[in-house]
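> Each chain, written out:
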Amino acid sequence: MPTPIQDLEQRSDFIRRHIGPSESDIAAMLRAVGATSLDDLTNKSVPASIREKSTPAIGEPMTEHDALALLESMAKQNKVYRSLIGAGYYDTITPNVILRNVLQNPGWYTAYTPYQPEISQGRLEAMINFQQVTMDLTGMPLANASMLDEATSAAEAMTLAKRVGTSTSNVFLVADDCHPQTIAVVETRARPLNIEVVVGKPADLIEKDGFAILLQYPGTSGAVVDYGALAAKAKSKNMAVAVATDLLALTLLKPPGEWGADIVFGSAQRFGVPLGYGGPHAAFFAAQDAYKRSIPGRIVGVSVDSKGKAAYRLALQTREQHIRREKATSNICTAQVLLANIAAFYAVYHGPEGLKTIATRTHRLAAIFAEGLRKLGFSSTNASFFDTVTVDTGSHAQEILDRAQAKEINLRDFGDGRIGVSFDERSTRDEVFRLWQVFSGKGALGFSVEALDAGVADAIPQSLKRTSEYLQHPTFHQYRSETEMLRYLRHLEQKDIALNRSMIALGSCTMKLNATAEMIPVTWPEFGSMHPFAPLDQAQGYKLMLKDLEAKLCTLTGFAAVTLQPNAGSQGEYSGLLVIRAYHESKGEQHRNICLIPSSAHGTNPATAVMAGMEVVITGCDENGNVDLNDLRAKATQHKDKLAALMVTYPSTHGVFEEEIREICQIIHDNGGQVYMDGANFNALVGLACPGKFGADVMHMNLHKTFCIPHGGGGPGMGPIGVAEHLAPFLPGHPLVGGVGGENAIGPVSAAPYGSASILPISWVYITLMGTEGLKRATQVAILNANYIAKKLEKHYVTLYKGKNGYVAHECILDTRPLKTSANISVDDIAKRLMDFGFHAPTMSFPVPGTLMIEPTESESKAELDRFIEALTVIRMEIAKVEKGEYPQGNNPLQLAPHTLSDLTADKWERPYSRHDGAFPASHLVGDKYWPPVNRIDHAAGDRNLICACPPIEAYSEAA
Amino acid sequence: MSKILFSEDHEYIRIENGVGTVGVTDFAQKALGDVVYVELPKIGATLTKGGQAGVVESVKSASELYSPVTGEVVEINAALSGDPALVNTDPLGQAWFFKVKIANENELTGLKDEAAYNDYIKGL
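Same order as they appear, the protein sequences are chains P and D. Everything in the first sequence is counted per numbering that gives the first Met the number 0, starting at 0 for the first residue and increasing by one. Everything in the second sequence is counted per numbering that gives the first Met the number 0, starting at 0 for the first residue and increasing by one.
Keep in mind the hints are simulated off the structure, nothing from the lab. All values reported here derive from a predicted model rather than from experimental measurement. The beta carbon of each residue, even a glycine, is placed where N, CA and C say it ideally should be. One or more of the hints may lead you astray.
[Claimed, not checked] With a straight-line Cα cutoff of 20 Å, these simulated SDA-like cross-link-like pairs (lysine to any residue) come out:
1. P:291 x D:120
2. P:861 x P:293
3. P:819 x D:123
4. D:59 x P:293
5. P:861 x P:819
[To be verified] So these bits of chain P aren't anywhere near chain D, every CB distance computed over 10 Å:
6. 322
7. 739
8. 816
9. 868
10. 869
11. 903
12. 939
13. 942
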């Protein structure tokens with residue numbers, strides 16, 4: 000009998016491509032860990048009290064071809080009009096060499112945040128280029144390596160000014176010419192901190208008291224106003240000046256740093272990053288030097304390696320949530336590295352002259368358009384502008400907007416007769432002409448762009464024309480041919496370890512496969528070219544996909560509703576706590592403000608709770624790393640009148656399925672609190688258990704962990720939250736887009752209604768391809784892979800925490816602290832030695848200092864796991880030689896790791912091991928070797944002497 | 000004649016003529032690792048025993064410095080701000096943080112002498 004045709008269709012083929020180990024590998028690994036089947040392992044590791052009887056139903060698995068065809072049929076329902084809406088989002092042209100070699104290149108998009116700088120020099124250089132672009136264009140001395148979006152940057156500017164300033168005022172003054180979504184997010188973020196936001200005209204605001212004033216330059220209406228005198232007055236009143244601005248405009252405008260700004264931020268989207276229906280985009284953030292120890296986000300700095308060679312690293316990490324916890328400057332962790340890098344490469348590609356040409360063309364088209372409108376009898380409401388002309392059309396607004404729709408053009412409707420037109424890199428002479436036709440309703444006009452050109456003056460006031468130079472570093476001049484650019488991108492990429500080279504077993508980070516089929520739709524124009532504020536009837540395809548994704552996430556989590564707005568896990572935590580606050584308030588219990596957090600929590604949890612206006616009370620853990628139930632009960636009872644929430648990670652940050660999770664949730668509910676579950680470890684639960692059914696009221700999902708959105712070298716991310724039915728009415732809304740959030744919505748937490756909408760297809764495709772059976776199997780194999788590593792390494796390293804049957808969840812913590820005592824070998828030495836094997840280190844020193852936390856994910860094959868196990872085994876044997884004194888302190892392959900090519904080829908080699916053992920500690924490396932480009936980096940030197948700009952120009956001539 | 004006392008938070012205070020010179024102990028600097036930044040109190044500020052008096056940061060950690068006594072800050076070590084690495088090289092010498100005019104000598108009774116402190120850190 001022939002094989003049935005259904006079996007030949009390979010409809011579940013993607014499952015075995017996503018999951019690393021083959022059927023026979025799985026069998027062998029199960030034997031190794033003492034389980035008879037995947038279900039047997041599940042029964043032994045996942046508590047019966049939380050397991051679902053039947054797998055949450057997602058549907059049958061699909062082939063890549065079918066899933067993409069289905070998604071394409073949805074995408075085609077989006078109507079991609081030309082959007083001249085502006086309001087912080089402007090169309091742009093991603094240079095093709097960047098599109099293909101960065102945005103669509105796994106070497107860039109699958110990398111992790113560069114916490115291991117020796118193997119991240121490529122993207123650290125790209126990030127410092129971004130900081131240089133920001134500093135040069137804003138005229139500020141210090142910039143960070145990106146923020147989530149412009150609106151949350153405004154909120155961060157507010158809290159930064161409050162933190163650093165000495166003013167006793169509690170008022171944040173906000174110009175009414177800021178983008179509406181910026182004002183709305185600032186109001187959301189101000190409320191729990193008891194900061195009063197006063198919105199008004201800058202000239203009126205400056206007469207009031209406040210700790211800071213927020214201006215936008217150019218304003219949302221397009222107006223370019225000289226705020227120099229106002230900034231000086233603010234300074235005299237001990238008031239910080241924060242400015243939202245636009246990088247392209249700053250190529251022509253006097254930068255805020257030259258007229259008195261203290262903090263300058265904005266979106267870098269129009270530097271080559273697609274609109275994407277709202278994101279992901281990088282925001283930039285710059286400040287005066289006095290703010291450097293308080294500035295939020297990551298900063299790339301320059302230091303030296305052990306040979307004295309300049310090298311890049313993340314600087315001043317003590318500001319960050321993973322160290323400072325409730326005292327952190329912000330809860331931001333994931334930022335937008337991939338998009339910041341694209342923006343920086345856009346500047347490298349065009350150089351200062353190219354950027355200025357694009358800006359000048361945009362401005363000239365706007366100016367000519369405004370002149371034509373004057374001829375047609377319209378008056379623009381702003382005489383000075385860069386790219387945006389706002390026109391008062393009186394009672395004619397609707398007919399003009401209708402005519403624009405007929406020509407497939409979106410304009411900004413202010414709702415009061417004013418219409419905004421924002422020009423951008425894609426604007427043309429023809430577009431200006433068509434806009435005149437739209438406004439006049441006539442076909443023939445009697446004048447042309449060419450005819451008006453010579454007689455139209457620029458619309459930038461003389462006092463605000465930029466005179467200072469920018470982007471003078473050689474980087475922005477030497478890669479102008481495509482060949483040079485292509486090789487520069489490749490030169491940087493090959494310095495780094497990303498998932499296209501080897502496993503990145505970072506505990507709690509879930510570095511799984513980001514399949515090509517999942518990535519392809521991101522750059523489809525139907526998803527990439529949509530403006531977030533386009534009329535909803537044009538976004539029907541997005542709506543279908545978003546609703547379906549929400550429904551699927553509800554099914555998998557057991558929650559009643561999901562919001563896709565939060566742009567990162569940290570933002571999901573924040574949204575979740577605000578929703579909990581709103582719920583308590585709705586019941587007249589606004590006094591509930593205590594947030595219990597176990598001591599093992601990720602640092603973001605306490606940082607978030609503080610931002611949400613809650614008071615953090617830490618609860619203890621027992622010797623097995625589990626939540627100490629007695630302490631939890633005591634503290635919940637003690638604070639029962641004020642208990643707002645518990646933030647708990649499940650499975651725990653220690654990689655253990657705590658048996659008592661239901662009881663933990665019950666204790667909180669009994670004392671009037673809500674349970675916030677940190678979903679960072681949801682990859683251990685998908686298809687097996689639903690947090691919404693075992694006690695959680697809210698949980699965020701890191702789509703960039705569990706659901707395959709790549710990490711992008713430190714962002715983008717997505718942190719949607721799922722909520723139980725009683726919390727659904729409070730999900731965040733949006734000031735400019737209808738149909739978002741619950742009926743009693745809290746304010747927006749992101750600039751765009753659906754966060755980074757254009758990467759949501761990645762998670763949709765993943766879930767659709769895997770189907771019910773695939774998702775469950777992925778979780779089971781993730782647990783198997785972690786247990787296999789723990790088992791195979793048990794002779795050499797003790798696994799710190801295990802569940803009741805001796806199994807870990809989807810990650811394991813290896814205790815390397817005894818080696819510090821026995822051989823003075825630190826966890827850093829092991830991490831750096833792993834680089835010589837071509838591996839990225841596991842998570843170091845979290846949640847337990849001095850240990851390694853390994854999360855292999857389901858996507859890594861047995862062969863790769865075995866190579867990793869071999870590496871850690873060889874390392875243990877090397878440490879044994881140090882213990883026995885065969886290798887001296889300070890001169891052994893661990894403390895001298897990583898080994899560079901120049902170490903090996905140096906004339907002198909005075910080490911007690913061979914060059915071969917230094918560079919090729921495993922045989923498979925001989926044919927395929929990754930070479931770290933620098934030796935171990937000196938962190939202290941970099942933090943003691945902070946440099947966060949590209950090396951000075953002289954350094955280039957010295958190197959040449 | 001000066002005498003030196005230690006707190007359980009690993010600050011030391013060297014007392015001379017009613018003024019205490021405060022810094023962190025050798026044990027503390029070893030635990031911190033390479034110190035990259037210190038934040039000092041302002042001259043004239045009034046500190047309370049056990050209250051925050053400054054910050055000391057290494058590459059991987061940030062710790063509060065607590066005042067072992069109540070009193071007014073009379074001098075701060077500006078050289079330390081410029082060269083925080085002194086905390087690692089000479090914690091009990093050049094790396095003092097501030098001098099405080101001791102308001103209440105009775106508070107000193109809760110602190111440990113050198114032998115008691117050494118016993119204390121052995122037990123950690």
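> If a hint holds in the structure, say so; if it doesn't, say that too.
How the hints compare with the structure:
As the CA atoms of residue 291 (chain P) and residue 120 (chain D) are separated by approximately 35 Å, the hinted pair breaks the 20 Å bound. With a C-alpha separation of about 45 Å, the suggested pair residue 861 (chain P) and residue 293 (chain P) falls outside the 20 Å cut-off, and the hint is violated. The hinted pair formed by residue 819 (chain P) and residue 123 (chain D) meets the criterion: a straight-line CA distance of about 16 Å does not exceed 20 Å. For the given pair, residue 59 (chain D) sits about 16 Å from residue 293 (chain P) by alpha-carbon distance, which is consistent with the 20 Å threshold.
This hinted pair does not check out: residue 861 (chain P) and residue 819 (chain P) have alpha carbons roughly 30 Å apart, beyond 20 Å. Separation of residue 322 (chain P) from chain D is inadequate, the least Cβ-Cβ distance of about 6 Å not exceeding the 10 Å criterion. Every beta carbon of chain D lies more than 10 Å from that of residue 739 (chain P), the smallest distance being close to 38 Å; the non-interface claim holds. Annotated as non-interface, residue 816 (chain P) keeps its C-beta farther than 10 Å from every C-beta of chain D; the closest such distance is 14 Å.
At the 10 Å boundary, the C-beta of residue 868 (chain P) stays outside the reach of chain D, the nearest C-beta of that chain being 28 Å off. The beta carbon of residue 869 (chain P) sits about 29 Å from the closest Cβ of chain D, which is more than 10 Å, so the claim that it is off the interface holds. In this structure residue 903 (chain P) is separated from chain D by more than 10 Å, as the shortest Cβ-Cβ distance comes to about 28 Å. The Cβ of residue 939 (chain P) does not lie farther than 10 Å from every Cβ of chain D; its closest approach is about 3 Å, which violates its non-interface assignment.
Residue-level check failed: residue 942 (chain P) sits 4 Å from the nearest beta carbon of chain D, not beyond 10 Å.
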